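Residue numbers (the working numbering), protein chains in the order written: chain A, 1 to 249; chain B, 1 to 377.
In short, the hints are calculated from the structure, not lab data. Since we're looking at a predicted model, the values are computed, not measured. Some hints here could point you the wrong way.
Unchecked claim - Calculated pairs, DMTMM-like style, for lysine to aspartate or glutamate (alpha carbon to alpha carbon, straight line, at most 25 Å):
{"hint": "1", "chain 1": "A", "residue 1": "236", "chain 2": "B", "residue 2": "322"}
{"hint": "2", "chain 1": "A", "residue 1": "4", "chain 2": "A", "residue 2": "19"}
{"hint": "3", "chain 1": "A", "residue 1": "114", "chain 2": "A", "residue 2": "5"}
{"hint": "4", "chain 1": "A", "residue 1": "65", "chain 2": "A", "residue 2": "161"}
{"hint": "5", "chain 1": "B", "residue 1": "249", "chain 2": "A", "residue 2": "123"}
{"hint": "6", "chain 1": "A", "residue 1": "171", "chain 2": "A", "residue 2": "123"}
{"hint": "7", "chain 1": "A", "residue 1": "65", "chain 2": "B", "residue 2": "250"}
{"hint": "8", "chain 1": "A", "residue 1": "171", "chain 2": "A", "residue 2": "196"}
{"hint": "9", "chain 1": "A", "residue 1": "65", "chain 2": "A", "residue 2": "19"}
{"hint": "10", "chain 1": "B", "residue 1": "249", "chain 2": "B", "residue 2": "236"}
{"hint": "11", "chain 1": "A", "residue 1": "114", "chain 2": "B", "residue 2": "327"}
{"hint": "12", "chain 1": "A", "residue 1": "65", "chain 2": "A", "residue 2": "196"}
{"hint": "13", "chain 1": "B", "residue 1": "249", "chain 2": "A", "residue 2": "78"}
{"hint": "14", "chain 1": "A", "residue 1": "114", "chain 2": "A", "residue 2": "19"}
{"hint": "15", "chain 1": "B", "residue 1": "249", "chain 2": "B", "residue 2": "317"}
{"hint": "16", "chain 1": "A", "residue 1": "171", "chain 2": "A", "residue 2": "19"}
{"hint": "17", "chain 1": "B", "residue 1": "249", "chain 2": "A", "residue 2": "77"}
{"hint": "18", "chain 1": "A", "residue 1": "162", "chain 2": "A", "residue 2": "218"}
{"hint": "19", "chain 1": "A", "residue 1": "114", "chain 2": "B", "residue 2": "213"}
{"hint": "20", "chain 1": "A", "residue 1": "236", "chain 2": "B", "residue 2": "233"}
{"hint": "21", "chain 1": "A", "residue 1": "162", "chain 2": "B", "residue 2": "233"}
{"hint": "22", "chain 1": "A", "residue 1": "171", "chain 2": "B", "residue 2": "233"}
{"hint": "23", "chain 1": "B", "residue 1": "249", "chain 2": "A", "residue 2": "79"}
{"hint": "24", "chain 1": "B", "residue 1": "249", "chain 2": "B", "residue 2": "233"}
{"hint": "25", "chain 1": "A", "residue 1": "236", "chain 2": "B", "residue 2": "250"}
{"hint": "26", "chain 1": "A", "residue 1": "65", "chain 2": "B", "residue 2": "327"}
{"hint": "27", "chain 1": "A", "residue 1": "236", "chain 2": "A", "residue 2": "78"}
{"hint": "28", "chain 1": "A", "residue 1": "236", "chain 2": "A", "residue 2": "220"}
{"hint": "29", "chain 1": "A", "residue 1": "65", "chain 2": "A", "residue 2": "79"}
If you want the building blocks of each chain, they are given just below.
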Amino acid sequence: MAGKELAPLPAAAAGPEADVLLRMQADLRRALEKPVAERRWVMVIDLRRCMGCHSCTIACIAENKLPPGVVYRPVIDEEIGTYPHVSRVFTPRPCMQCDSPPCVPVCPVAATFKRPDGVVAIDYDRCIGCRYCIAACPYNARTFDFGEYYTEDTPALQPYEKAPTYEYGQKRVRSGGASPVGNARKCHFCLHRLEEGMLPACVTSCVGRATYFGDANDPESLVHELIGRPNVQVLKPEAGTMPRVYYLV
Amino acid sequence: MRAARAVLYGLWTVAFALGLVGVWQRIAYGHTLAGYGSYVVWGLWVAAYAYFVGLSAGSFLFAALVNVLNVNVLRPLSRTALFTALVSIAVALLAVLFDLGHMNRAFEVFTSPNFSSMMTWMVWLYAAYGILLLALMWYERNGNTGMVRALYTVGIPLAIAFPGGGGALFATLSSKPYWHQPLYPIFFVVGALLSGAALMAALASVFWPDRSDMLHVLGRTVLGLIALDLVLEWAEFSIPLWYGVSPEKEVLMQILTGRFWWVFWVVHLVLGSAVPVALLLWRPHHATCVGIAGALTALTFLAVRLNIVIPGQVTPELRGLENAFSDHRLTFSYVPTTHEWLVLLFLVAVGLGALWLGFRYLPLIETREVETHERYS
Ligand code: SF4
Ligand code: SF4
């Protein structure tokens, strides 16, 4: 084999016909060249493609080192009809990054706030853990970090539970009562990854290629194209929250 | 009498010691021993907070009634009511402090407040109210009746605002149909008055068993307020349930027929309403009857608060979410743990201890009678 040259792989297709991941990657790179306030991050989830594998839930847990009681992106599994005429509908539910977020005005110390790019963020060092925002969210998208570990009742606490998280670009190790323990926690569209040019973990791990992400302010982007379709919906539009997560049905 | 006192002291010591265990657990283990979770995020302590806030406002409004409107028949109660108001608000704030994820950051509500939040308004109102109560006690002590009257007058809107605001703290959350009702702030003010009046009736029966005139007025007040509270409750339940189609239906049916149905029917309606009403109608001047009626109503009012705080959170915001992830903190059911009860025991013991100290060392009872007599005869 020595000295034998490998034949180059054929170039991946670019443009609208490319694999959605490649296209979203290119969309993301373009968005990052713009000032933060001009980016409009949105997520689109195609319910017809979601197969209920929960990969996104797990990828998110691994990415953000989520402890017991904390989940950012559960997948709701609903059974429709009566046996034997049943079908199942899967609805992944990240934080909607609402444009009119009920969780923001209730925070007594302004620890939860809307960023210019639309992501609703939490300042872990300011949050007092009152959980008012959790009660205020109409999607149950916020959870509380109780300071627990999955493996604490086993012979040894596993090191991965003490691996640092990089949420909001800050390196934190959960230990004792230090933040984010004692804080409200929620999906932030993997802001720390975005800023480094990487798509959110749930997007890259989606086996069914059902989750799309990008800058809705960019007319060339995939998400811009998708949210213009007639089969787009949001969850609980009557709540007046103006979500930034769209569902294709 | 001596033996009874020894038993009471013994019981208090046991309660306080057990309560200390709860507080130690809270400090050593954070929130890990609590039963609330990420969906039912507020539990027993938040209900206790709402309960003690109500007791405080109710007691205060009583004292204010005496001093501003000169309801002289209740005058002996004035200082006791004022001190009870102070102790209750302190206990309420302690309850909410234990509930915070980061107790050491509580001061942030003063240093970086967000005034769009009802919670911020509440904390600031409590602070103003606390200062007012301390000032009132100071001027009462110095016999400055002018200032006392002025401060009580200022205090009345404040003492209506914060239980009302407490109701609004829940009611403004549009995410929770059971809480999101305009009736709530009014409901909370009436609840505060009722629990405060009931507590005063209980205290009056212990300290002034011979003052049947005062007991009678207190008994009638409690009776009237129970009736008003029940009318409001009827509105709260009957309107959403009338046609059987409403977002609140599930929650209301949980309260009426769910696992904890007895909290509403037995604790609240029978023990907290029917029995007191019967006692007050039967022997309206009798110290023991008025006392038991007051104590029952005041104590069981915690059930009313629990039935507001907990059921509001037990239905998933999105159908099916309850099964989406298997985790002991991601469930929509809640039962307080022993740890939470122990911390509540601590709060109650601290409150009772402070009241006892006040009765013993502050001129709350006898002196007041003499002064009142001198000043108003
Ligand atoms: S989904 Fe909930 S947590 Fe996310 S922005 Fe909206 S209200 Fe806030
Ligand atoms: S839990 Fe934290 S982020 Fe949420 S309202 Fe309270 S202080 Fe704000």
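Hint by hint, here is what the structure shows:
Distance restraint check for residue 236 of chain A and residue 322 of chain B: the Cα-Cα separation of roughly 17 Å lies within the 25 Å cut-off, and the hinted pair is therefore satisfied. With a CA separation close to 31 Å, the supplied pair residue 4 of chain A and residue 19 of chain A exceeds the 25 Å bound. Taking the CA atoms of residue 114 of chain A and residue 5 of chain A, the gap is about 53 Å. The hint is violated against a cut of 25 Å. The straight-line distance between the Cα atoms of residue 65 of chain A and residue 161 of chain A is roughly 7 Å, inside the 25 Å bound, and the hint therefore holds.
Taken as a hint, the residue 249 of chain B and residue 123 of chain A pair is broken in the structure, with Cα atoms around 37 Å apart against an allowance of 25 Å. Taking the CA atoms of residue 171 of chain A and residue 123 of chain A, the gap is near 13 Å; set against the 25 Å cutoff, the hint holds. This hinted pair does not check out: residue 65 of chain A and residue 250 of chain B have alpha carbons roughly 35 Å apart, beyond 25 Å. Using a Cα cut-off of 25 Å, the hinted pair residue 171 of chain A and residue 196 of chain A holds, with the two alpha carbons roughly 15 Å apart.
Only pairs whose Cα atoms come within 25 Å are accepted, and residue 65 of chain A paired with residue 19 of chain A is rejected, the gap being roughly 29 Å. Under the criterion of a C-alpha separation no larger than 25 Å, the hint pairing residue 249 of chain B with residue 236 of chain B is consistent with the structure, at around 11 Å. Taken as a hint, the residue 114 of chain A and residue 327 of chain B pair is broken in the structure, with Cα atoms around 29 Å apart against an allowance of 25 Å. Of the pairs offered as hints, the one joining residue 65 of chain A and residue 196 of chain A holds, with about 18 Å between alpha carbons and a cut-off of 25 Å not exceeded.
For the given pair, residue 249 of chain B sits about 22 Å from residue 78 of chain A by alpha-carbon distance, which is consistent with the 25 Å threshold. Taking the CA atoms of residue 114 of chain A and residue 19 of chain A, the gap is near 32 Å; set against the 25 Å cutoff, the hint is violated. For the proposed pair residue 249 of chain B and residue 317 of chain B, the alpha carbon gap of about 14 Å is at most 25 Å, so the pair holds. A threshold of 25 Å between alpha carbons decides the hint, and for residue 171 of chain A with residue 19 of chain A the separation of about 33 Å lies outside it, so the pair is violated.
Taking the CA atoms of residue 249 of chain B and residue 77 of chain A, the gap is about 24 Å. The hint holds against a cut of 25 Å. At roughly 39 Å between alpha-carbon atoms, residue 162 of chain A and residue 218 of chain A are farther apart than 25 Å, so this suggested pair is violated. Pair hint residue 114 of chain A plus residue 213 of chain B does not hold up; C-alpha atoms about 60 Å apart against a cutoff of 25 Å. Taking the CA atoms of residue 236 of chain A and residue 233 of chain B, the gap is near 29 Å; set against the 25 Å cutoff, the hint is violated.
A threshold of 25 Å between alpha carbons decides the hint, and for residue 162 of chain A with residue 233 of chain B the separation of about 49 Å lies outside it, so the pair is violated. A distance of roughly 50 Å separates the Cα atoms of residue 171 of chain A and residue 233 of chain B; the hinted pair therefore is violated under the 25 Å criterion. For the given pair, residue 249 of chain B sits about 23 Å from residue 79 of chain A by alpha-carbon distance, which is consistent with the 25 Å threshold. For the given pair, residue 249 of chain B sits about 15 Å from residue 233 of chain B by alpha-carbon distance, which is consistent with the 25 Å threshold.
Note on residue 236 of chain A and residue 250 of chain B: the hinted pairing holds, with a Cα-Cα distance of about 18 Å set against a maximum of 25 Å. For the hint pairing residue 65 of chain A with residue 327 of chain B, the CA-to-CA distance comes to about 15 Å; that is within 25 Å, so the pair holds. For the proposed pair residue 236 of chain A and residue 78 of chain A, the alpha carbon gap of about 17 Å is at most 25 Å, so the pair holds. Between the alpha carbons of residue 236 of chain A and residue 220 of chain A the distance comes to roughly 28 Å, so the proposed pair goes past 25 Å and is violated.
For a cut-off of 25 Å, the pair hint linking residue 65 of chain A to residue 79 of chain A is broken: about 30 Å separates their Cα positions.
The structure shown violates the earlier hints numbered 2, 3, 5, 7, 9, 11, 14, 16, 18, 19, 20, 21, 22, 28, 29.
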